[in-house]
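**Q** Sequence:
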Amino acid sequence: MKIINVFFALFLSASAIAQSLTWGNEIIVAPGSIYGAVRPRIALDAAGEPTVIWGGSTTTQPLWAADWNGTGFATPVQLSPAGVDPYMQVWTGAEMAAGGNAIYVVFKREPFTSNNAYLVKSTDGGQTWSDTIFIGGASSWLPSVAVTDNGNPVIVYMELLATGEYFTISSNDGGQTFTSPVNISSLAGTVACDCCPAYMDIEGNRQVVTWRRNSSNTRDIWMGVSNDGGATFPTGYDIDPTDWVVTSCPSVGPSPLLSGDSVITVYMSGASGGNRVYLSTANAITGQTGTSAMIAGSIPGTTMQTYPFIAGTGDTMIVVWQQTTSGNLDVWYSWSLTGATSLYSNAAIANSITTNTQAYPHVVYGNGAFHLTWRDAVTNSIIYRKATISPSSVEEQAISPVKVYPNPSGGNITIDLSAFQNNVAPKAIGIEVKDISGRIVESRKVTGESRVELTHQAAGTYLVVVRTEEMENYVTRIVFY
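Position 348 of the sequence shown, counted from 1, bears residue number 348 in our numbering, the numbering being contiguous throughout.
Hints listed in this document are in silico derivations from the structure and should not be mistaken for laboratory results.
Heads up, the beta-carbon is just placed ideally off N, CA and C, and yes, glycines get one too.
Nothing false has been slipped in among the hints.
Here are the in silico distance ranges between beta carbons for each label pair:
(1) T414 - I285: 18 to 28 Å
(2) V245 - S298: 21 to 31 Å
(3) N101 - T235: 31 to 41 Å
(4) H456 - T388: 38 to 48 Å
Generate coordinates for the entire structure from the input sequences, incorporating the hints supplied.
**A** As structure tokens, then:
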């Protein structure tokens, strides 16, 4: 059975074409000569203001945090207590996430083979921080964190016992205590890749964890889904059709984004002969995969893409990654207000002041803006840059009088257009269904409501355009499995 997931976005006539980003200046978070510059991470507080963390070095330097002060970043504070050195490498290290003014940071202590994993937290948006809270023993490895709607942390980590296996633990008291571990990676029927971090996204009671498994050196990407707030993860799905076989460890994991019933995951694979960033979509309920392709594989001269991350909400999203093109190492991005499909053809360089020196990006989204951070090798410093979505696009995206049901659907959808009608003079409404190339596959004029049959169309992504007599365009993205 084919399933349709429907997501709404409203655009007024020409505004669908006029969407743009307004980029702010590149800001140095702190002098790298003093504080170092290893693997930055970023999160937003309740006011949408950023806090950045990073490591002083990959040896025995502390973990630092700098909070936004209105015009720049405040003097960094040390998160890790004296003598508690975090394990920091360019491919793994401390991770962070926020919910409201609660910000959580997890890290493994050096030496990582014999020390514990810890959590530190801030309850005031990154201004002050707690002491360390124990989350795992010496065998705990590669911790990352996500936050529930009520502001509690959920931690994903690997246990390096006889084999590598991923688990989650959840807190109901702001990170003071945690539940018993729930095994995730056993859903794939084999061990996890023991040097590739796993990441999670949470939306309501649904939690999704993505990780790279190792099945006789097939290092493909899997997804585990919980619909009961993380109490159980009963289902797991293979969401990576590349089936990359490699005997050495890739040292890079997948990043997921939940959008209703859809999961959009970005990851690196070398199956094509070169390391490239892929984007795959899947249904969180059925596990059915949708689109899957290189996100920017056609850029001439590209020899490497890696360290991808995705952030957003609903159909508003951004992907960042590190890319080497014609010898230049830069931070690239692709963004969209209409879902994952637009990400495939919207790639650009995020850094503007210097090139050939940018690496290890991270990104978050909030309050109509994307917040990026990365390392600049010229200054040996952490860089922050903000990109604000054009205000008209943000405002318009929040409204839609169009109702489409049922959702999910087996192939026939009903579009309720009653919001556009009145009893005196019913209006003629134009409906078009377009494929991603822009070709119209269905077209009609109706009043009241319309039933559209799509079972004869190929699986893929379509746009339903509802056009009123006032020339308002209501664009609905349909992912058709």
